[in-house]
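Protein sequences appear in the order of chains G and Y. Numbering of the first sequence is given in numbering that gives the first Met the number 0, commencing with residue 0 and proceeding in unit increments. Numbering of the second sequence is given in numbering that gives the first Met the number 0, commencing with residue 0 and proceeding in unit increments.
Be careful, since some hints might not be right.
[Unchecked claim] Here are some chain Y residues pointing at chain G (derived, C-beta under 8 Å):
1. Arg61
2. Ala62
3. Glu79
4. Val85
5. Trp86
6. Phe94
Since the hints were made in silico from the structure, they are not lab data. For glycine and all other residues, C-beta sits at the position ideal for the given N, C-alpha and C.
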Amino acid sequence: MQCWSCHFENLPGLEQCARCGGALSLEHVAVVPPRALRWRIANHAARIGHYLHRNLRGLAAMIRRLRFLMPEPLSGRALLWSIVPGLGHLRTRRPRLGWILLLSWSGLLLMALLSVGTVWTPTFVSLSITVHAIAILAVLAANLAFIHLIIRLLFGILVYVILYMGLYQPTGWLCGRYLRAVPIQNILGSPVLADSDGLLVAGPWLCPEIFDYGDIVLYRIHEHNANGVIIHAGHGIDRVIGRPGDHLCVVDGELCVNGGPPVAQPFNPVTYPPEFDIHLPEHTYLIMPSQIDMRVGLGYNNPTSIWQLVGLDLILVTQEDIEGRVLLRIRPLARFGRLH
Amino acid sequence: MPGRFANLEFDNEQHNRQDAEVLGSSMEDLATRYYEQALEASHWGQYEAALRLHTRALGEERACVAAWVGQIQMLVLLGECHEARVWSDKALDIFRNHGDLLAAKAQACVRLKDHKTALACSDNALQVEGESPWRWQVRGEVLLARKERFHDECFQKALVQPAADWFDRVIIARILCYYRRLTAALAYLQEAVQLAPTHGGPWYELGQCQVALGFIAPAHESFQRCLELRTDWDEPRRSLLELDRGVPLRTHLKGLLRGWRRK
Chain G
0 MQCWSCHFEN
10 LPGLEQCARC
20 GGALSLEHVA
30 VVPPRALRWR
40 IANHAARIGH
50 YLHRNLRGLA
60 AMIRRLRFLM
70 PEPLSGRALL
80 WSIVPGLGHL
90 RTRRPRLGWI
100 LLLSWSGLLL
110 MALLSVGTVW
120 TPTFVSLSIT
130 VHAIAILAVL
140 AANLAFIHLI
150 IRLLFGILVY
160 VILYMGLYQP
170 TGWLCGRYLR
180 AVPIQNILGS
190 PVLADSDGLL
200 VAGPWLCPEI
210 FDYGDIVLYR
220 IHEHNANGVI
230 IHAGHGIDRV
240 IGRPGDHLCV
250 VDGELCVNGG
260 PPVAQPFNPV
270 TYPPEFDIHL
280 PEHTYLIMPS
290 QIDMRVGLGY
300 NNPTSIWQLV
310 GLDLILVTQE
320 DIEGRVLLRI
330 RPLARFGRLH
Chain Y
0 MPGRFANLEF
10 DNEQHNRQDA
20 EVLGSSMEDL
30 ATRYYEQALE
40 ASHWGQYEAA
50 LRLHTRALGE
60 ERACVAAWVG
70 QIQMLVLLGE
80 CHEARVWSDK
90 ALDIFRNHGD
100 LLAAKAQACV
110 RLKDHKTALA
120 CSDNALQVEG
130 ESPWRWQVRG
140 EVLLARKERF
150 HDECFQKALV
160 QPAADWFDRV
170 IIARILCYYR
180 RLTAALAYLQ
190 EAVQLAPTHG
200 GPWYELGQCQ
210 VALGFIAPAH
220 ESFQRCLELR
230 TDWDEPRRSL
240 LELDRGVPLR
250 THLKGLLRGW
260 RRK
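Please build the complete structure, drawing on both the sequences and the hints.
Right under this line is the structure:
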């Protein structure tokens, strides 16, 4: 069967020419050419489609020509599944290596989560990214064997950097929108919370529209410098006592919320400001900073005078300053669970 | 753009096949017949009809490369250069490195202002095996579009090819008219008319070129000659009516100016 392009005589039954790859059978070839359409917009759309199709074919052809960079066959499937280290090896019948990679990576990530707030967290995260890079390099091993050692090393570093910038950073950011692991430091401590506890806090995308009474929340404290009192910026954690729209007042030293006793109490006993009578504005909560270690100078030991100096800025918290609701205590493991 | 039903064809294929069987002709002869009819339509400037006939020829014989080339040429002449380019890519997938198809693609690309691809295709067309006037005509067009020298030499080279005839002069004139080189086109059309004085097609194209140049009286004469040779054709009749109705003053002035320059 003679080829239409190069006139090479091919064996019967072949579909493509053995020399040039041209089609040998023209039976199913369409002969009606495309025509410009009636409407101008449709014409433009069709032409853009043709342009993209032509360029994509060119790109695919270029990628095929780059195969000389990969002399050994590359398992694309293993590479794709290696987005979870070890899975690529499990799917391509290398179970031992696959399980080692998968279990070590999972274990390191778990350790990183449980050690949040300690100096070990960055170490565990780096090790898990390293294991991930090793998994990908193991898939490419056959091709990397042809390359100089230094170049292999640089390639490994490049893979690490790409994984960190391209996968772990964005994933970490995205996860942080839902859940965050927060270490607690420099608090007074209470039966509920202790210093250096690790907490799992709901992120901004899981925040409710209005927090409920008794919700334990993590909130921002702004820097305050007035009347000889300096409050450093930082974070506080405590229960929500009053919600937007509530009427709060102090009667005989006890707080009343909407004429009745409060539903929730702060972690530690507090002294309320005297002559406290306020309607909470919209998007504002009452949260007493019972966990904050307030160091005051001589002459200011009187709790009443503290409020005279600080004012209500410390206890009226806006919705924007609340970073999230505390869900679980994740550290220490002995006290893993919900806060009561 | 043609209307929705402008290209509707009633199925005469079966009738033609029966004719062919009765006369003892093969399918290849049928394809050749369609192809010759397409060429004839192209000679008369009936591009749509020529395109349909080329398609019919391919329906009978898909390996007829000349019909593929004809389709691409007609698409270009109808102004559908994007579609011509797509179709030339399709044809080149089947008939790889065919010189005439490469030249056809080069023409489509150059009319789309893709000079780089056009030049590459034209280079390839001249390098591959075989020669034809068409490859040199397109080469000339590519150089003309890029405002390079030697485009006329390429056109002359096309005319000295063994397969060149009067219609190749018309093709060159059409290319020159597209790029508004009307004076040069006029010369080629006059040559074509001298070589084929009994064919109405070059007379009509000559008349159109003369109108564009502002030579009203010669244009009138050319259209008359065309009508004498083909009385049933409406196009020259319509052109004559327009001439009689009056030509814009600008066209008259252009013609006068050109006439003075000649003197």
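Each hint, compared with the structure:
For Arg61 (chain Y), the shortest C-beta to C-beta distance to chain G is roughly 4 Å, which falls under 8 Å, so the interface hint holds. Checking Ala62 (chain Y) against chain G by beta carbon gives a least distance of about 6 Å; that is within 8 Å, so the hint holds. Below 8 Å, beta-carbon pairs count as interface contacts, and Glu79 (chain Y) has one with chain G at about 5 Å; its hint therefore holds. Hint on Val85 (chain Y) holds. Least Cβ distance to chain G is approximately 5 Å, under the 8 Å limit.
Residue-level restraint check for Trp86 (chain Y) holds (minimum Cβ-Cβ distance to chain G is 4 Å; threshold 8 Å). Hint on Phe94 (chain Y) holds. Least Cβ distance to chain G is approximately 5 Å, under the 8 Å limit.
Of the numbered hints listed earlier, not one is contradicted by the structure.
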